[in-house]
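These protein sequence lines map, in sequence, to chains D and G. Taking the numbering used here, the leading residue of the first sequence gets 1, the next gets one more, and so forth. Taking the numbering used here, the leading residue of the second sequence gets 1, the next gets one more, and so forth.
Hints are supplied without guarantee of correctness; some may be wrong.
Said to hold, decoys possible - DSBU-like cross-link-like pairs, simulated, lysine-lysine; straight-line CA separation at most 35 Å:
no. : chain 1 : residue 1 : chain 2 : residue 2
1   : G       : Lys215    : G       : Lys114
2   : G       : Lys247    : G       : Lys110
3   : D       : Lys9      : G       : Lys203
4   : G       : Lys114    : D       : Lys9
Stated by the list, open to error - Okay, the calculated beta carbon distance ranges per label pair:
no. : chain 1 : residue 1 : chain 2 : residue 2 : range
5   : G       : Ala23     : D       : Phe48     : 39 to 49 Å
6   : D       : Tyr142    : G       : Leu27     : 16 to 26 Å
7   : G       : Val82     : D       : Ser188    : 32 to 42 Å
As the list claims (entries may be wrong) - Below, a sample of chain D positions facing chain G; criterion: calculated Cβ distance under 7 Å:
no. : residue
8   : Ile24
9   : Ala100
10  : Trp187
If you're looking for bench data, these hints aren't it; they were derived computationally from the structure. Don't be surprised by glycine CBs; every beta carbon is placed ideally from N, CA and C.
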Amino acid sequence: MKRPATRVKIVPTILLLLGALYSIAPVIWLVFASTKGPGELFTTFSGFPSFNGGFMENVRTLNEFGDGRFWTWTLNSLIYAGGGALLTVVISAACGYAMAKYRFRGQKLILGSLLAGVLVPGITLSIPQYLLLSSAGLVGTYWSVILPSVISPYSIYLCQVYASASIPDEMLEAGRVDGAGEFRMLWSIGLPVMMPGLVTVFLLQFIGIWNNFLLPYIMLADDDRFPLTVGLYSLLNRGASQPALYTLVITGALLSIIPIFALFLFLQRYWKLDLIAGGVKG
Amino acid sequence: MTTVSTRRRRLRGPGAAPYLMAAPAVLLFIAFFLVPIGYAIWLSLHAMRVRGRGFGVRTEVFVGLENYLSAITDSAMYEALVRMLAYGVIMVPVTMGLALSFALMLDVPKVGLKSFSRLSIFLPYAVPGVIASVLWGFTYLPAVSPINRVATELGVPAPDFFGDVSIYFSIANIAIWGSVGFNMVVLYTALRAMPAEVYEAAKIDGASEWQIAWKIKIPLLAPALIMTSVFSLIGMLQVFSEPNTVKSMTNSITPDWVPLMRIYQQGFIENDIYLSAATSVLLALITVLLSVAALAVFRFRARRSS
Chain D
1 MKRPATRVKI VPTILLLLGA LYSIAPVIWL VFASTKGPGE LFTTFSGFPS FNGGFMENVR
61 TLNEFGDGRF WTWTLNSLIY AGGGALLTVV ISAACGYAMA KYRFRGQKLI LGSLLAGVLV
121 PGITLSIPQY LLLSSAGLVG TYWSVILPSV ISPYSIYLCQ VYASASIPDE MLEAGRVDGA
181 GEFRMLWSIG LPVMMPGLVT VFLLQFIGIW NNFLLPYIML ADDDRFPLTV GLYSLLNRGA
241 SQPALYTLVI TGALLSIIPI FALFLFLQRY WKLDLIAGGV KG
Chain G
1 MTTVSTRRRR LRGPGAAPYL MAAPAVLLFI AFFLVPIGYA IWLSLHAMRV RGRGFGVRTE
61 VFVGLENYLS AITDSAMYEA LVRMLAYGVI MVPVTMGLAL SFALMLDVPK VGLKSFSRLS
121 IFLPYAVPGV IASVLWGFTY LPAVSPINRV ATELGVPAPD FFGDVSIYFS IANIAIWGSV
181 GFNMVVLYTA LRAMPAEVYE AAKIDGASEW QIAWKIKIPL LAPALIMTSV FSLIGMLQVF
241 SEPNTVKSMT NSITPDWVPL MRIYQQGFIE NDIYLSAATS VLLALITVLL SVAALAVFRF
301 RARRSS
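Pulled out of the complex, with its shape left as it was, chain D reads as follows:
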């Protein structure tokens, strides 16, 4: 079946490249626009970069803005997304493993409720969550954003699918014969085998929390606790009356997507996206 010359199919290739162009053009525009100093943004063509040192000046202004507030927001985003995703993975892995590898009373009820939870719009929960956390005195703290993000029915579901597909029962039987405790087996057999799936759950959850807007927007009032999304949003809102801030918003937006793109590109070969699609077949 080997053919000497493989001719590339032209039409699908071109259409895919158009899709790629549509997807990256706004990012390229962002790169160009961030090279514009405050005076240049409204006067020069933003589809072409400026080379007057505008970018460095913008970064410097952003740096100095509100005593480095931008970096506080970046750090907060990392805390919310990193901490939240890590806790999600631990909690979902244990629960998914238990669902996949044991039969116990109440299991169907738990699984059914969790699956129904996937259907409940998370955002609709935000207002009652706000009121409840407010009566617990937690509103405005890091916990008010992390805790509601940690419980993710979808992550638990993915962990369950992955655990039942990848951990053979014989391995657990062998472990039991050797006298290992149930938690010991979760730790030394279950988790290592589930690792590729857990990386996927972590990444999905990291990006989900990093991109979340409504929850922190509702929970937080203090500038110092804002993640990047809410911080840049507040900056954009002020820009309506102070157009000079627009340059900061643009530069901030660019700097804020660099780390997530880097993470994305770096970790892309560890993604098990067939896991997401695998959930469809169930």
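We have chain D already, so just place chain G on it with the hints.
Chain G in isolation, oriented as in the chain D frame:
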């Protein structure tokens, strides 16, 4: 003897272990799903009323379905729903259509620059809705827009992205841009998982790539298409950050432009958390009904194909 008996005990049940493993998730689920849902329902049946004459004390009283009545007769909410549907009519089919086309094209043998295109189209998924709105918002903003600038240079009238009709396309475009890639990857992975023999047989029968896509791949993709469509529909019902962000750049977007913005307005600006809770419960009900209906279709198809 002892090993046999312990083994039998283990096989009968691992005791408390699975409960302990599931406990953190279950507790958090109760605390952040069930209790808020219950609280929202409780709130939706209550209201703040002044008791007594003059400067009476404001207390929470049970009002039955009164809030629900206000919620469904709220004309601002009705308009918000209509706007959301107009947005959804553009966003959902275009997202699904593009995602499906790109997934099918990636699956065509001998396509060039495959991994580059796949990665590029997936990349916007990593951009938060707010940042995507900032990005696109500036390209819509007449004073900054590169598109307007090019139009002016060419002597053609500049497009108005914030017009009465165009605003729906502008907002939908932001969501489409952010979600095509994710859906494409899900569909493409589902395609990859299909047995190659099916295509081989069709090829021997002389089917073209186009016929294979239309007659074999798309029907096989039905479950994945239904799932991704449900996610898109849920996304439509929850649309918030795109219009809310673009709002600061134009007057075409009111503070109650879509249902969630209206709920936010009711709860946090008009300070009527009771009405806001009733509206939230209604929106949640619509979402659940929609998902259940879609899942029923999904089950039906799955049973028919098996």
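Hint check results:
no.: 1; hint: G:Lys215 <-> G:Lys114; in the structure: 23 Å, holds
no.: 2; hint: G:Lys247 <-> G:Lys110; in the structure: 45 Å, violated
no.: 3; hint: D:Lys9 <-> G:Lys203; in the structure: 17 Å, holds
no.: 4; hint: G:Lys114 <-> D:Lys9; in the structure: 11 Å, holds
no.: 5; hint: G:Ala23 <-> D:Phe48: 39 to 49 Å; in the structure: 58 Å, violated
no.: 6; hint: D:Tyr142 <-> G:Leu27: 16 to 26 Å; in the structure: 20 Å, holds
no.: 7; hint: G:Val82 <-> D:Ser188: 32 to 42 Å; in the structure: 57 Å, violated
no.: 8; hint: Ile24; in the structure: 5 Å, holds
no.: 9; hint: Ala100; in the structure: 10 Å, violated
no.: 10; hint: Trp187; in the structure: 11 Å, violated
Going down the numbered hints, you'll see the structure goes against 2, 5, 7, 9, 10, while the others check out.
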